[in-house]
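Trainee: Full structure from sequences and hints, please.
Chains as they are written, first to last, in the numbering used here: chain A, 24 to 418; chain B, 1207 to 1353.
If you're looking for bench data, these hints aren't it; they were derived computationally from the structure. For glycine and all other residues, C-beta sits at the position ideal for the given N, C-alpha and C. A hint or two may mislead.
Which residues of chain A face chain B? A partial, calculated answer using Cβ under 10 Å [as the list claims (entries may be wrong)]:
1) Leu56
2) Gly332
3) Tyr411
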Amino acid sequence: MGEEKRLIYLDNAATTKTAPEVVEAMLPYFTELYGNPSSVYEFSQKSKEAITRAREIIAGSLGAKTEEIYFTGGGSESDNWALKAAAEAYRGKGNHIITSKIEHHAVLHTGDWLEKQGYEVTYLDVDENGTVKTEELKKAIRPTTILISIMFANNEIGTIQPVKEIGRIAKEHGILFHTDAVQAFGQIPIHVDELNIDMLSSSAHKLNGPKGIGFLYIRKGVKIRSLIHGGAQERKRRAGTENVPGIVGYGAAVERAVRTMEERTSKEKELRDYLIDRVLKEVPYTRLNGHRTNRLPNNTNFSFQFIEGESLLIMLDMEGICGSSGSACTSGSLDPSHVLLAIGLPHEIAHGSLRLTLSEETTKEELDHVVESVKKIVEKLRNMSPLYEDYMRRQ
Amino acid sequence: MYSDKVMDHFQNPRNVGEIEDASGVGTVGNAKCGDIMRIYLDIDDNQVIQDVKFKTFGCGAAVATSSMATELVKGKTVFEALKVTNKAVMEALDGLPPVKVHCSLLAEEAIHAALWDYAEKHGITIEGLEKPKSDIHEGEEEESEEY
Ligand SMILES: Cc1ncc(COP(=O)(O)O)c(C=O)c1O
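Mentor: What follows is the structure in structure tokens.
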């Protein structure tokens, strides 16, 4: 295996490697301690206790109470639940929901669906850095507003939202505040009381936990309808035999994320800034998408003018580099990423985007290799591009 | 996701470039949708395509279909070139994923647009050739915007 064959995984916003210690914590709950937590015998109590422990770890990390953590099947489910069930529970108060144009589709498409059910949804604009404008939020509030749902940090461009300010505004107006913290949880310290968060979505596989397990934090006192009807699991709000290994893995992942956060994220930030600086300096006609500093510690997102993202990704893949793009070709639609359009990029520049998201295992040496590959590939694609040809002719 | 042939033409595209004083140039697609193809034709007095070059902004399939289309028309007469359909391009590439079929249509259109330009410049009509559908000349200023 030569240098070329190695894998440089820079798509940690898509998913992360399940940490070995997390897998180890999970294994006994498949093979030995497989009892159904709802059963009465002693053997099953072990499963039940394991769930309680995981719930305590997670609640503790957020400054929440254990009974405020509800396990779900992942981030999308948590987002769907928060919006749909809160909308229904507060229907008597009003039918207006405020969210933003840069939310994950789990929120946006749920918003679209709610509109079809007769709710009114305001999608707030963001500024050129991808930050929700809190002045716009204040203006959007109506007497009928029942829910504000703004993500903690964006999954594509990494911009961290003014969550504290949003929480304060929501509280002042007596409106529920939900935040999709799928990308932020484990990377940024979050305290639900300090930030006035009423509901929070998270997903384990973004923080070195297993896939298919998430939670929704629901502040005590918030009225919310059950998501899945059936048994008495999750305080009757989300029925179904628990994913015990998943929950145990989630607990282990959170315990680990909290323990390593400071050191891990400061290292990632340093490498992130190194990558940003080199790419901007060494690749002409390139911009950084998202806020320069107020962004997730591991997120970089560039637009390379005159080229298209999918071809860039395939060429990077041939060099063993995994990244992602907001081009239409990779989104499966004709339009490029809604987030890149929301920050005001013209279509053709949005098509040429590249997101590289680091992990704690990323090294400077890997990034050096990535920068060299990106330079080479961008140049090759530009030499093939009629847009570049036209631009150069005009110079 | 792509056949070996597509990957080969994407990695090693044939006939990339420009032709100065080309007999015909056609540009189709638009930057908004993420695909633009430009084909240059050098056509001799016997209406044989002596040389062909392309430039493409787009995904892997867009590059590969442009490359294959140039191979298929090189050395042909304009009438033969007119008969190179998107199906022929796709078959020559051992197929495309369904969502990428439009790339092959764009390649066919780019050839037609270049032939149309040739016919117009030389005051001739090529039987069976229709005016190409998409032309991006109006939108061209947009992409040079500095940001
Ligand atoms: C911001 C955000 N919300 C929600 C989700 C969905 O999470 P999951 O894949 O666990 O359903 C993701 C993951 O892509 C995300 O980044």
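Trainee: Could you check if glycine 332 of chain A really has its C-beta closer than 10 Å to a C-beta on chain B?
Mentor: OK, holds: glycine 332 of chain A within 10 Å of chain B, min 8 Å.
Trainee: Does the closest beta carbon of chain B sit nearer than 10 Å to the beta carbon of tyrosine 411 of chain A?
Mentor: 8 Å, holds
Trainee: Are leucine 56 of chain A and chain B close enough, Cβ to Cβ, to be under 10 Å, as the hint says?
Mentor: At about 41 Å, which exceeds the 10 Å cut-off, the nearest Cβ of chain B leaves the hint on leucine 56 of chain A violated.
In summary, the structure is inconsistent with hint 1 from the numbered list given earlier, while agreeing with all the others.
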